[in-house]
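K.L.:
Sequence:
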Amino acid sequence: MSLTRKLILLITSTVFFITLIAAGWGFYVSDHQLEELFDAELAQSTRIVQGLVEHLSSTQSMEQISHTLEKTLQLPDGVYQGDEEENEILPGGAGHKYERKLAFEVWSPDREPILDTLRANDSQGLERGF
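Heads up: the sequence shown is residues 1 to 130, going by the UniProt record's numbering.
Be aware that a few hints might be false.
[Stated by the list, open to error] Okay, derived cross-link-like pairs now, SDA-like style, lysine to any residue, Cα gap no bigger than 20 Å in a straight line: (1) 71 to 102; (2) 71 to 96; (3) 101 to 43; (4) 6 to 18; (5) 101 to 42; (6) 101 to 118; (7) 101 to 74.
[What the hints assert, rightly or not] Quick list of simulated restraints, FRET-style, between CB atoms: (8) 43 to 5: 54 to 62 Å; (9) 23 to 111: 48 to 56 Å; (10) 24 to 1: 24 to 32 Å; (11) 20 to 48: 51 to 59 Å; (12) 73 to 112: 14 to 22 Å; (13) 13 to 37: 17 to 25 Å; (14) 103 to 55: 45 to 53 Å; (15) 72 to 35: 23 to 31 Å; (16) 7 to 36: 17 to 25 Å; (17) 34 to 104: 17 to 25 Å; (18) 116 to 12: 53 to 61 Å.
What the hints contain is simulated information worked out from the structure, not anything from laboratory work.
Virtual Cβ for every residue (Gly too), placed ideally from N, Cα, C.
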């Protein structure tokens, strides 16, 4: 093999591996940044819901707040088609097809559940943490 061919092969291989490493590093960094962005959006949404519940608690009973939150989260019947549906947004902007995969709870200051989308057994009460 000639020297020119060896140099071309060496330079091409080097450029390929450097590009591969740069692409892998870029993917890793962007994936981490995307996770941080989603975490921040979730924290912001949590504060918004908390503020709304605190505002409503001064004018409504806990049962009314619970009913209002359940009604707000209710997806219309028949619009959820499952994973085979290609559109991520439900017809009429009714929600997102993955909404049913998320669960959360809203608790009163008296440690009573106001809203529980998971329908978990909370007989042991509320504990700090996740």
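K.L.:
Each of the hints needs a verdict: does it hold here or not?
P.N.:
Hint check:
1. 71 to 102: holds (16 Å)
2. 71 to 96: Distance of about 16 Å is within 20 Å: holds.
3. 101 to 43: Judged against 20 Å, a Cα distance of about 18 Å means the pair holds.
4. 6 to 18: holds (18 Å)
5. 101 to 42: The given pair, whose Cα atoms are some 15 Å apart, holds under the 20 Å limit.
6. 101 to 118: holds (10 Å)
7. 101 to 74: holds (14 Å)
8. 43 to 5: 54 to 62 Å: The hint (54 to 62 Å, Cβ to Cβ) holds, given that residue 43 and residue 5 are roughly 57 Å apart.
9. 23 to 111: 48 to 56 Å: holds (50 Å)
10. 24 to 1: 24 to 32 Å: holds (30 Å)
11. 20 to 48: 51 to 59 Å: Cβ of residue 20 to Cβ of residue 48: about 42 Å, so the range 51 to 59 Å is violated.
12. 73 to 112: 14 to 22 Å: Taking Cβ atoms as reference, residue 73 and residue 112 lie about 18 Å apart, which means the hint holds.
13. 13 to 37: 17 to 25 Å: Hint violated: Cβ distance 36 Å, outside 17 to 25 Å.
14. 103 to 55: 45 to 53 Å: The hinted range 45 to 53 Å is violated for residue 103 and residue 55, with Cβ atoms some 24 Å apart.
15. 72 to 35: 23 to 31 Å: For residue 35 against residue 72, whose Cβ atoms are near 27 Å apart, the range 23 to 31 Å holds.
16. 7 to 36: 17 to 25 Å: violated (43 Å)
17. 34 to 104: 17 to 25 Å: holds (21 Å)
18. 116 to 12: 53 to 61 Å: The hinted range 53 to 61 Å holds for residue 116 and residue 12, with Cβ atoms some 59 Å apart.
The structure does not agree with the numbered hints 11, 13, 14 and 16 stated previously, though it agrees with the rest.
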